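If you're matching them up, the sequences are chains P and F in order. If you read the first sequence in the numbering used here, its first letter stands for residue 3, the second for the next number, and so on. If you read the second sequence in the numbering used here, its first letter stands for residue 2, the second for the next number, and so on.
Don't take each hint at face value.
Unchecked claim - Quick list of simulated restraints, FRET-style, between CB atoms:
| no. | chain 1 | residue 1 | chain 2 | residue 2 | range |
| --- | --- | --- | --- | --- | --- |
| 1 | P | P12 | F | G312 | 57 to 67 Å |
| 2 | P | P70 | F | S330 | 53 to 63 Å |
| 3 | P | R24 | F | A416 | 57 to 67 Å |
Claimed, not checked - Here's a subset of chain F near chain P, in silico, CB distances under 7 Å, partners left out:
| no. | residue |
| --- | --- |
| 4 | A155 |
| 5 | T156 |
| 6 | R160 |
| 7 | T402 |
Since the hints were made in silico from the structure, they are not lab data. Because the structure is a prediction, the values reported are computed rather than measured. Backbone N, C-alpha and C define an ideal beta-carbon position, used for all residues, glycine too.
So you can see what is in the structure, the chains are spelled out below.
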Amino acid sequence: MKYILMMNTPGGGAYQVTTWPREDLIRHIGFMKTFATKLRGAGELVAAEGLAGPDQAKRVRAGADGKPITDGVFPESKEFLAGYWIVDVESPERAYQIAAEASAAPGKGGAPMNMAIEVREVMSAPPVETP
Amino acid sequence: MTETAELETQHLLRDLAPQVLGIVVRRFRDFSAAEDAVQEALIAAATQWPREGRPESPRAWLLQVAARRMADHVRTETARRQREQVVVSLVPPDEQVTLALDGDDPAARDDTLELLFLCCPPALSPASAIALTLRAVGGLTTVEIARAFLVPEATMAQRISRAKATIKASGEALGMSEAGQLAKRLDAVMHVLYLIFNEGYAASSGDEVVRTDLSGEAIRLTRMLRGVAPNEAEVAGLLALMLLTDARRAARTGPVGELIPLDEQDRTLWDRGAIEEGVALISETLQRGAVGPYQLQAAVAAVHDEAPSAGATDWPQILALYGVLQGLSDNPMVDLNFAIATAMVHGPAEGLARLDVVAADPRLAGHHRLDSVRAHLLERSGDRAAAVALYRRAADRTASTAERNYLLAHAARLAEEVVE
Numbered sequence: 003m004k005y006i007l008m009m010n011t012p013g014g015g016a017y018q019v020t021t022w023p024r025e026d027l028i029r030h031i032g033f034m035k036t037f038a039t040k041l042r043g044a045g046e047l048v049a050a051e052g053l054a055g056p057d058q059a060k061r062v063r064a065g066a067d068g069k070p071i072t073d074g075v076f077p078e079s080k081e082f083l084a085g086y087w088i089v090d091v092e093s094p095e096r097a098y099q100i101a102a103e104a105s106a107a108p109g110k111g112g113a114p115m116n117m118a119i120e121v122r123e124v125m126s127a128p129p130v131e132t133p
Numbered sequence: 002m003t004e005t006a007e008l009e010t011q012h013l014l015r016d017l018a019p020q021v022l023g024i025v026v027r028r029f030r031d032f033s034a035a036e037d038a039v040q041e042a043l044i045a046a047a048t049q050w051p052r053e054g055r056p057e058s059p060r061a062w063l064l065q066v067a068a069r070r071m072a073d074h075v076r077t078e079t080a081r082r083q084r085e086q087v088v089v090s091l092v093p094p095d096e097q098v099t100l101a102l103d104g105d106d107p108a109a110r111d112d113t114l115e116l117l118f119l120c121c122p123p124a125l126s127p128a129s130a131i132a133l134t135l136r137a138v139g140g141l142t143t144v145e146i147a148r149a150f151l152v153p154e155a156t157m158a159q160r161i162s163r164a165k166a167t168i169k170a171s172g173e174a175l176g177m178s179e180a181g182q183l184a185k186r187l188d189a190v191m192h193v194l195y196l197i198f199n200e201g202y203a204a205s206s207g208d209e210v211v212r213t214d215l216s217g218e219a220i221r222l223t224r225m226l227r228g229v230a231p232n233e234a235e236v237a238g239l240l241a242l243m244l245l246t247d248a249r250r251a252a253r254t255g256p257v258g259e260l261i262p263l264d265e266q267d268r269t270l271w272d273r274g275a276i277e278e279g280v281a282l283i284s285e286t287l288q289r290g291a292v293g294p295y296q297l298q299a300a301v302a303a304v305h306d307e308a309p310s311a312g313a314t315d316w317p318q319i320l321a322l323y324g325v326l327q328g329l330s331d332n333p334m335v336d337l338n339f340a341i342a343t344a345m346v347h348g349p350a351e352g353l354a355r356l357d358v359v360a361a362d363p364r365l366a367g368h369h370r371l372d373s374v375r376a377h378l379l380e381r382s383g384d385r386a387a388a389v390a391l392y393r394r395a396a397d398r399t400a401s402t403a404e405r406n407y408l409l410a411h412a413a414r415l416a417e418e419v420v421e
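Pulled out of the complex, with its shape left as it was, chain F reads as follows:
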């Protein structure tokens, strides 16, 4: 099988994963075991299909294999419980074949959303929710997830099984979320998808070329989420934000993986298709009202992406957007960005004055980003020596290798100019 065909199989399997899992969970009412069964079916498909050819109905095939695994599981469980009590319904594997549904079944759509809710409950830590979401809804294997986060497979397997145990203990099940909780649960899901996207950002700027494309996965899952929640403006905003940020990926790093800041990027390397899609999406969404943080961040990204050059960036527009965003969220990072935009519109002195106010936030105490933003504004104001010192302090404080390298190199360049 060619590489393209293998990739096609992988994409197909990942798309089918939540549909198949939804059906199996509904039938057997045991999320943890169903998730294991579907994972085994996916792995079986990934090894068998390239060898024996893709079955006529891939979904029915996966369902059948997963159901067979579930039947085995139930049998084992039953034996273990000495036939006292069967907690799940035992359906003969042959009958499971009829579980296959048509492509655009509304039940399958609901399942995907419910599965996302189930994987991202408040009781789970972000790292656990990320891992479980990638496996159960994303259809990634444990090995792939472990590789993406640079931890051993055994550790990742434990993290996933503990996550499932936590969900089980909390008594959550498919279809249990109440209408009133929808917004809150959707927020949690969007946050997890956003974190996955950000992790991919780290990988694409580091030296970890083998890492799974997490940004791409986050975009795919967010598209999936948008498919099942088409009227949620913030979901559209999140997708637009990812597309408009990811569009700059090729220009964001240099030959040795060094970060290139926005104003120095080669804009001809930006992905025009992604920008067009993102801009269209955010423009259409903003007209519908009910604006939210993801939409506003997407709007800022759109302003950057549409500027023909860094100098032509519409900073007053960005300043206005950050102003609205400040009113909607209590996030010191937004305040930092507002200070930068202030400097770009009203000059570095006003930006620095704004920054002094922001710096009082205890959440920013000792944060490298406060130093790097102040350094940036000091550099713009002409105080290079002070900027160099702060860039270096920021480099000491960041936990990102790519960012540290960038800050050190920038400080070194600036220091050489100071000497001249």
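If we strip away everything but chain P, and leave its shape as in the complex, we get:
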């Protein structure tokens, strides 16, 4: 079964990497790299992506002519998706375990951040025939 692990962080919260000292940044990046390699090595990783900062995000809508109408930047106070993992695992418990590991990624000063990771199942199960 596949799960998506979403790292949502509030704007202005702990995950403000732009203000971290270099040492903390390197440690954090190293953790994320090792974490992805480990998941791939376990045969569980489907995808892992970090997203560009919310100040570059655009909200897009189709106009009357079907062309995109882009809408400005999100206010900083809002929660935003910083990155996600998609894993293919044997049980929901295993997905939670992976999420907990991601949650403990080192932040400023090297201490675990214990961020909240939202875990949701990806629709990929076979259907059951109703007689």
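Start from chain P and add chain F according to the hints.
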């Protein structure tokens, strides 16, 4: 080379894969390395044969290439171990050509069964056993398996190599299963084949047209298993179950991939050939005694497939079969099906009463199938509003896109009727 010829090559390679692997494992006694070597030989054949023509003896060709890879592997290993100790026998590649055996060699037959046992040990998770079985016995490439399960190739490659490491660590080897364990090991293999079949079911009802035909592969492997274990009634039952279920494939989904339930399917789209084969197989098997769960499920599928219309379905027969199945297995899904059959024979009120008993099973707590079955029975009893609410709750709880779409659409249709 034409597309047909390419497909023929692919089929030939997949059939030869376990035979060649069995021989190489026996000779070199290293399953993990032998499996890699055979995979490389298969990939080499798939690229070279279309270009240069199929060799006179395809099996000898594959054996020779695989043996050469093994010799390379042994040489590397030997160097790595600084010639301290050679753990595998080094046979010069030229001599490997003589390893080719005749088509109906009993040793090759045993090998296939042993390879299946080796790929499906209790220590392996189902997902790992599935991947390894498809590669080692099914002859599929890592890319094909990765595509079938929608994961990256690197991840699938790791899953397979970890599976092999687990097997190696457990000390399993070819020909090690004891006679007393046979039934248990066969159960594990059948379960893995059944899961592969079910995955194919998801693919054929979804929008993933590029996915490898896993149902077809499961049927092929089960035929192979039946070939090497012809006296096992449950293997015949499993094959019949797959054939009788797969026969409905074309009728099971509509133009946009939406699920069509059994009682609304266009029965002229059912595969008559598969139904005939499945019915003949299950009829013959049931007469032999020693009935089991796969045979009973196949018998239920046969009753559905033989009914000229949904209304003409022999529900008393299905109810009786589920009754026997309940006695043989402790599976809440069987209990749910028994409740449905009860409703079809004795009316929805009795079906719902039966369902209340079944619902106490903690394994069904919060399960979407409990909701969808209750909705189905409520709909039959005329309580449409309650049915709509439960269909919607089931839709929220299922992890299958096709099923969710079906449940939502059905609830919407029913809700419109309620308003009218």
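Now the hints, each set against the structure:
1. Range check, P12(P) to G312(F): about 59 Å between beta-carbon atoms, so the 57 to 67 Å window is met.
2. P70(P) and S330(F) have their C-beta atoms about 55 Å apart, which keeps the hinted 53 to 63 Å range intact.
3. For the pair R24(P) and A416(F), the beta carbons lie near 59 Å from each other, so the given range of 57 to 67 Å is met.
4. The beta carbon of A155(F) is positioned within 7 Å of a beta carbon in chain P (closest approach about 6 Å), and the interface hint is therefore held.
5. Annotation: T156(F) was flagged as interfacial toward chain P, and the flag holds, the nearest CB pair being 5 Å apart, inside 7 Å.
6. At about 3 Å, the closest approach between the beta carbon of R160(F) and any beta carbon in chain P falls short of 7 Å, and the interface hint on this residue holds.
7. Because the beta carbon of T402(F) sits about 4 Å from the nearest beta carbon in chain P, less than 7 Å, this interface hint is met.
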